[in-house]
Amino acid sequence: MLREQLIKLSPLRVLEKSINGGLGPGNLGMFTARKGVGKTAALVHVAVDKLLRDEKVLHLSFADNPRHIEHWYKQVFNEIAKSYKLENVLENEQHVIRNRLIVHISKKNAVKDHIENTIKKCVEAAQFTPSMLIIDGFSFSEHSKDDFMFWKELSQKLSTEIWFSATLHRHNLEFDDQGIPSPASEVKDIFSVIIMLEPLEDYIDLKLLKDHDNPDIDKLKLKLNPKTMLIANHRV
Amino acid sequence: MTTDVSTMRNIGISAHIDSGKTTITERMLFYTQKIHAIHEVRGKDGAGATMDSMELEKERGITIASASTNVTWKNHSINIIDTPGHVDFTVEVERALRVLDGAVLVLCGTGGVQSQSITVDRQMQRYKVPRIAFINKLDRMGADPEKVTAQLRDKLGHNAVMMQIPIGAEADFTGIVDLVTMKALYFDGSNGETIRQEEIPEELRASAEEKRDQMLDNVSMFSDELAEAYLEDSVSEEVLYKAVRQATISRDITPVFMGSAFKNKGVQPLLDAVIRYLPDPAEVQNTALDRDNNEQEVALETDSTKPLVMLAFKLEDTRYGQLTYVRVYQGTVKKGGEIVNTRSGDKVRVGRLIRMHANDMEDINAAKAGDIVALFGVDCATGDTFTENSLNFAMTSMHVPEPVISLSLKPRDNKSSENIGKALNRFTKEDPTFKTFVDPETNESIIRGMGELHLDVYIERMRREYNVDLETGEPQVAYRESISKTAEFDYTHKKQTGGAGQYGKVSGRIEPLRDKDFEFISEVKGGNIPVEYIPSCEKGFQACLEKGSLIGFPVVGVKVTLTDGNSHSVDSSDTAFMHAAIGAFRQVYSKARPVILEPVMRVGVETPSEFQGTVLGTINQRRGTIISLGEDHNFSIIEAEVPLKEMFGYSTVIRSATQGKAEFTMEFSKYAKVPESIAEELKKEYTENNKK
Numbered sequence: 001m002l003r004e005q006l007i008k009l010s011p012l013r014v015l016e017k018s019i020n021g022g023l024g025p026g027n028l029g030m031f032t033a034r035k036g037v038g039k040t041a042a043l044v045h046v047a048v049d050k051l052l053r054d055e056k057v058l059h060l061s062f063a064d065n066p067r068h069i070e071h072w073y074k075q076v077f078n079e080i081a082k083s084y085k086l087e088n089v090l091e092n093e094q095h096v097i098r099n100r101l102i103v104h105i106s107k108k109n110a111v112k113d114h115i116e117n118t119i120k121k122c123v124e125a126a127q128f129t130p131s132m133l134i135i136d137g138f139s140f141s142e143h144s145k146d147d148f149m150f151w152k153e154l155s156q157k158l159s160t161e162i163w164f165s166a167t168l169h170r171h172n173l174e175f176d177d178q179g180i181p182s183p184a185s186e187v188k189d190i191f192s193v194i195i196m197l198e199p200l201e202d203y204i205d206l207k208l209l210k211d212h213d214n215p216d217i218d219k220l221k222l223k224l225n226p227k228t229m230l231i232a233n234h235r236v
Numbered sequence: 001m002t003t004d005v006s007t008m009r010n011i012g013i014s015a016h017i018d019s020g021k022t023t024i025t026e027r028m029l030f031y032t033q034k035i036h037a038i039h040e041v042r043g044k045d046g047a048g049a050t051m052d053s054m055e056l057e058k059e060r061g062i063t064i065a066s067a068s069t070n071v072t073w074k075n076h077s078i079n080i081i082d083t084p085g086h087v088d089f090t091v092e093v094e095r096a097l098r099v100l101d102g103a104v105l106v107l108c109g110t111g112g113v114q115s116q117s118i119t120v121d122r123q124m125q126r127y128k129v130p131r132i133a134f135i136n137k138l139d140r141m142g143a144d145p146e147k148v149t150a151q152l153r154d155k156l157g158h159n160a161v162m163m164q165i166p167i168g169a170e171a172d173f174t175g176i177v178d179l180v181t182m183k184a185l186y187f188d189g190s191n192g193e194t195i196r197q198e199e200i201p202e203e204l205r206a207s208a209e210e211k212r213d214q215m216l217d218n219v220s221m222f223s224d225e226l227a228e229a230y231l232e233d234s235v236s237e238e239v240l241y242k243a244v245r246q247a248t249i250s251r252d253i254t255p256v257f258m259g260s261a262f263k264n265k266g267v268q269p270l271l272d273a274v275i276r277y278l279p280d281p282a283e284v285q286n287t288a289l290d291r292d293n294n295e296q297e298v299a300l301e302t303d304s305t306k307p308l309v310m311l312a313f314k315l316e317d318t319r320y321g322q323l324t325y326v327r328v329y330q331g332t333v334k335k336g337g338e339i340v341n342t343r344s345g346d347k348v349r350v351g352r353l354i355r356m357h358a359n360d361m362e363d364i365n366a367a368k369a370g371d372i373v374a375l376f377g378v379d380c381a382t383g384d385t386f387t388e389n390s391l392n393f394a395m396t397s398m399h400v401p402e403p404v405i406s407l408s409l410k411p412r413d414n415k416s417s418e419n420i421g422k423a424l425n426r427f428t429k430e431d432p433t434f435k436t437f438v439d440p441e442t443n444e445s446i447i448r449g450m451g452e453l454h455l456d457v458y459i460e461r462m463r464r465e466y467n468v469d470l471e472t473g474e475p476q477v478a479y480r481e482s483i484s485k486t487a488e489f490d491y492t493h494k495k496q497t498g499g500a501g502q503y504g505k506v507s508g509r510i511e512p513l514r515d516k517d518f519e520f521i522s523e524v525k526g527g528n529i530p531v532e533y534i535p536s537c538e539k540g541f542q543a544c545l546e547k548g549s550l551i552g553f554p555v556v557g558v559k560v561t562l563t564d565g566n567s568h569s570v571d572s573s574d575t576a577f578m579h580a581a582i583g584a585f586r587q588v589y590s591k592a593r594p595v596i597l598e599p600v601m602r603v604g605v606e607t608p609s610e611f612q613g614t615v616l617g618t619i620n621q622r623r624g625t626i627i628s629l630g631e632d633h634n635f636s637i638i639e640a641e642v643p644l645k646e647m648f649g650y651s652t653v654i655r656s657a658t659q660g661k662a663e664f665t666m667e668f669s670k671y672a673k674v675p676e677s678i679a680e681e682l683k684k685e686y687t688e689n690n691k692k
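Note that the protein sequences, when read in sequence, are chains A and B.
Under my numbering, think of the first position of the first sequence as 1, with each following residue one higher.
Under my numbering, think of the first position of the second sequence as 1, with each following residue one higher.
Each hint should be verified, as a subset may be incorrect.
What the hints assert, rightly or not - Some chain A residues close to chain B (C-beta under 7 Å, calculated; not the full set): (1) L86; (2) E91; (3) N92; (4) Q94; (5) V96; (6) I97; (7) I102; (8) V103; (9) H104; (10) K108; (11) A125; (12) A126.
No lab work stands behind these hints, which were simulated from the structure alone.
All C-beta atoms, glycine included, are put in the ideal place defined by N, C-alpha and C.
Isolated chain A (complex conformation) (with noise of 0.2 Å):
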């Protein structure tokens, strides 16, 4: 299959389909779930689909070791390569290589002049102007809404969506009116998109609980499938 077509076909037009077309420019979008569900796996996934339709994609991480990242990358790369039978490999994969940077900066390090500063010297210096800024590693509990406020500002200014991942309590987990669990619900007002990862017995549901301002909240029938990895269709 060639790269446009598997574009066409990638289960992430139906996730776009069901939130408006998508996240966004200046828009905050997350995936919410209890640690090891597949929170990383999933954006990595919207990462890579935008890499593949030639835009350009910042990952900065506040946790992981900038190798491990790129493992992710490489991993569902593979496995899209595999279950699409993608033509030309090599090609694309240079492709996803050429549009993604992904940078670390240590929590200490974790404030918003120097977070502006080191995404200033992407764009300015590595050349470097994304689309979207996958964010992971920062922590929800640990940050208040102030400094999500910060990221609403900067994606408006930069004109990128920024996705993040938000882990859930394993115990004590709170739900508010409209099904949004802690801590993302203290935030909520600033996504305009929340997912959240359900695991269920023999996959991971993707289950959508907010949808920028629209009050009819679609069902996603999307799930995250455990051998792949990958966001996949689900038809029930």
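Fit chain B to the given chain A structure using the hints.
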């Protein structure tokens, strides 16, 4: 000298450039009384460290070839192999790791885990080598062993356990606290040769207790005996040593030691740690392949009474002849005994058997299982296995990276021409990643290696050691060709014009293959191609891969599936089908959208943050792709992928761009498609050269 295998240790000292490995080894030789004076690597006394046995190494202050030496410490026989830290010389580190049982990972107390430490560690993981860490240079400004220990955890994923804490820091570094004995150690005498044990200074007591608790907490996860003793608050030194040893050998922990080799502090406890925590040869599982039994894996026993199995892992050409370093895995090798090279089948009589110091030799009569020694006058190649007649074993092959750069050599006179041959013959035997051949078209000698530095060093050695006067050409990149889509073939090779004819028809497809150079599958049914001719079809396809039609470089990444064909009862033959396959490949290659690939290097640059922008610029200008940016205090860590073609001369560029403050490492990453414009240039050049 003891020969009990439990008192033997075979260790390597691996690390990053300039972390102090050679100084540490020099100190080890001194304290074990192998040498009588300490010479600094870049010392004022004009005599370089004993282990750096080549002029060039002494001059550049780097260690190039591995050297090995035997020392005795507290009744233990330790073979130490010193290994270089440059990425260009990974084969040296890989080779050493193949024959060692344990390693000391040396880290700089200020620089910590750097890009080469990551490469070296990856290699150690590949060969499952248990290791202890030594954080060196604690006398330097900014040295921080806790930070480095944390880096061992974060960057290399080790379960690093501090076994000591420093007394004082930087210029005030005076000794170490041993967290097992809970005593302070000071190193007296002009060379730190006398260890004085005292109570822990009061101001460090709390910190020592805390760190000891952390150590006990960690190690007790891997030892029930220790866990129980810890709970009962009755941990004896014996139980603790045993637990740490177990956990180190199983690679569950990396015990961390520290000191300053240059200031003569911490090396003797490091020697103690080598004995206490690293495995003896019998504690490491080694396997060989049984050539008589479909290369099935067989376990070797570190038993000197069993049949001999030994591996030649390093060759050195001295003026007395070739010195072959061997690791005896099983059995005993005796002077005067007869051994068989299982690769070549040659029988060899063992002349002199030597135990090696860096530049001195000690004649011995026999070497037993677990030992590392050298043989004189045995002609072989690195990686050859020797046994007694009864066994046809081969040790598993070592992982050797493919060369990525080549250079032409032109001698300026006849004497040089002769000497180049001698030099190249020697170097290629010593180093499997260094290859050479004569270009039949230009008659030039071409050398191939892992990077500019790799080739530069050999050229310099040719000039100095062999008096060669030569010119070098422009470095050439090892391109490859490949295909990017599936294409079908259907080809008949026919020559039936009287006399013995040839006939063979093949049909099938070729498709791109990742992670492998070539695969051939036959799906032919009903005997349409007689089974006996299928191997010839495969040979024919393989022959075509040696030189692609785009630019004459090898073709890689091709899967051939033979689906059908036809034969003639008289005119079909191996030759006919081989030609059919060749014809089919030539027919189908252009339909499979062939592409040109170039080697792409993984480049790691560590630079003061102020130069980050400049360094990024140098990479962008070289068709580089920035993979990641990291930070470490005031240092920026940049990982990029850059085509090898663009990396020539980069060391000069980065030096001047960063006032010499940045460091970079480079290793082969993969092959990637060249941009169209470059592909067109290469094709044009190839066509023009062919016309000449």
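- [ ] Would you check whether N92/A satisfies its interface hint, that is, whether its CB is within less than 7 Å of any CB in chain B?
- [x] violated, 10 Å
Open item on the list: Just to be careful: measuring from the Cβ of Q94/A to every Cβ in chain B, is the smallest value less than 7 Å?
Closed with: Since chain B brings a Cβ to about 6 Å from Q94/A, closer than 7 Å, the hint holds.
- [ ] Go through the hint on I102/A and say holds or violated, using the shortest Cβ distance to chain B against 7 Å.
- [x] Hint on I102/A: holds, closest Cβ of chain B at ~4 Å, below 7 Å.
- [ ] Report holds or violated for the interface hint on K108/A, using the least CB-CB distance to chain B and a cut-off of 7 Å.
- [x] For K108/A, the interface hint is violated, since the closest Cβ of chain B sits about 10 Å away, which is over 7 Å.
TODO: Identify whether the interface hint at E91/A stands, where standing means a beta carbon of chain B within less than 7 Å of its own.
DONE: holds, 6 Å
Task: Hint check: 7 Å Cβ-Cβ cutoff, A126/A to chain B - done: Cβ of A126/A sits 5 Å from chain B, so the hint holds.
- [ ] Mind checking the CB of V96/A against every CB in chain B and telling me if the closest is under 7 Å?
- [x] violated, 10 Å
Open item on the list: Quick check on L86/A please, does its C-beta sit within 7 Å of some C-beta on chain B?
Closed with: L86/A check fails; min Cβ-Cβ to chain B is 11 Å, beyond 7 Å.
Open item on the list: Can you verify the interface hint for A125/A: is its Cβ closer than 7 Å to any Cβ in chain B?
Closed with: holds, 4 Å
Task: Residue hint H104/A, partner chain B, criterion CB-CB below 7 Å - done: Holds. Min distance 4 Å.
Open item on the list: For the restraint on V103/A, tell me whether the closest CB of chain B is nearer than 7 Å.
Closed with: holds, 5 Å
Task: Interface hint compliance - I97/A to chain B, C-beta minimum distance less than 7 Å - done: holds, 6 Å
This entry does not satisfy hints 1, 3, 5 and 10, going by the numbered hints stated previously.
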